[in-house]
Amino acid sequence: MSQEKQDKIQEDSQQKLNHDESLEPVSPYTIMAKLFAHLSKAVVDRFGEEGKDAIREGVRTFGEERGRDIARRAAAAGQPNDIHSYLPNYDMGRSDLFEYETEYHPVEIEQNFTRCAFGDQWKKDGMEEYGILYCEMIDPAIARGYNPNFEVVHDKYLLKDGNCHFRFQMKPSEKEPGGEENGDQ
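Heads up, the sequence shown is in the UniProt record's numbering, so the first residue is 1 and it goes up one at a time.
By construction, these hints were calculated from the structure, which means they are not laboratory data.
Yeah, the Cβ is synthetic: ideal placement off N, Cα and C, and Gly gets one too.
Careful: at least some of the hints might be erroneous.
Unchecked claim - Distance windows between CB atoms, simulated: (1) 78 <-> 45: 31 to 37 Å; (2) 47 <-> 4: 56 to 62 Å; (3) 161 <-> 5: 30 to 36 Å; (4) 160 <-> 96: 22 to 28 Å; (5) 73 <-> 96: 19 to 25 Å; (6) 46 <-> 1: 46 to 52 Å; (7) 73 <-> 1: 48 to 54 Å; (8) 161 <-> 11: 27 to 33 Å; (9) 1 <-> 162: 47 to 53 Å; (10) 123 <-> 77: 49 to 55 Å; (11) 110 <-> 1: 53 to 59 Å.
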């Protein structure tokens, strides 16, 4: 087959793909959101509330592990384990599949997400019931893994409220009055 004919076939195939979004390659976020939802649904269908609890526990331990990895990344870069080193050392890159604003305040970081690849996929697939099991657990668990005094107030969820709103706060530890060691000066 000539190169010209191969190019024409490839061009025709690409045009067909552009007309049917379901045939296009998807992002790793889409794949992971679908995987999580289907695994969660199978567990919940079989085990009910105990299954939901098991999924939440799995997300919690996964999140805490991610947080410990973020802390190690910050330490390797010579940065303190404080509120200011958290997002710069975060383990997951952002793409245009996420839309958010970040505001830094004296004792907290506030984030508002209006688009999330995971939440958008769960909504598209009608899997909000399973996606929320992830959303409710993951960020507080990551923060705890990063630093036991790091807390997240997650008061709005994309799957319920149309946006995710987070307030990350470093609480002073009992060993460190005033929290100077944690960057809360």
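Review point. Does the Cβ-Cβ separation between residue 1 and residue 162 fall within 47 to 53 Å?
Key: Holds: the Cβ-Cβ distance is about 51 Å, inside 47 to 53 Å.
Practice item. For residue 73 and residue 96, compare the CB-CB distance with the range 19 to 25 Å and indicate the outcome. Key: Because 24 Å falls inside the window, the suggested range holds.
**Study point:** Cβ distance range 48 to 54 Å for residue 73 and residue 1, holds or violated
**Key:** Given about 49 Å between the Cβ atoms, the range holds.
**Study point:** Pairwise beta carbon distance, residue 160 to residue 96, judged against the given window 22 to 28 Å
**Key:** holds, 24 Å
Point to revise | Supplied distance hint 53 to 59 Å, evaluated on CB atoms of residue 110 and residue 1 | key: holds, 58 Å
Exercise for review: With respect to the beta-carbon atoms only, verify the hint that residue 46 and residue 1 lie 46 to 52 Å apart.
Suggested key: holds, 51 Å
**Study point:** Verdict for residue 161, residue 11 (Cβ pair) under range 27 to 33 Å
**Key:** violated, 44 Å
Check your understanding: Is 31 to 37 Å a correct range for the gap between the Cβ atoms of residue 78 and residue 45?
Key -> violated, 48 Å
Exercise for review: Hint says 56 to 62 Å; check whether the CB-CB distance for residue 47 and residue 4 agrees.
Suggested key: Given range 56 to 62 Å: holds, Cβ gap about 58 Å.
Review point. Holds or violated: 49 to 55 Å for the Cβ distance of residue 123 and residue 77?
Key: violated, 36 Å
Exercise for review: Given the hint of 30 to 36 Å, check if residue 161 and residue 5 actually sit that far apart at their C-beta atoms.
Suggested key: Given a distance of about 53 Å, which is not inside 30 to 36 Å, the answer is violated.
Hint compliance for this structure: hints 1, 3, 8 and 10 are not met, and every other hint is.
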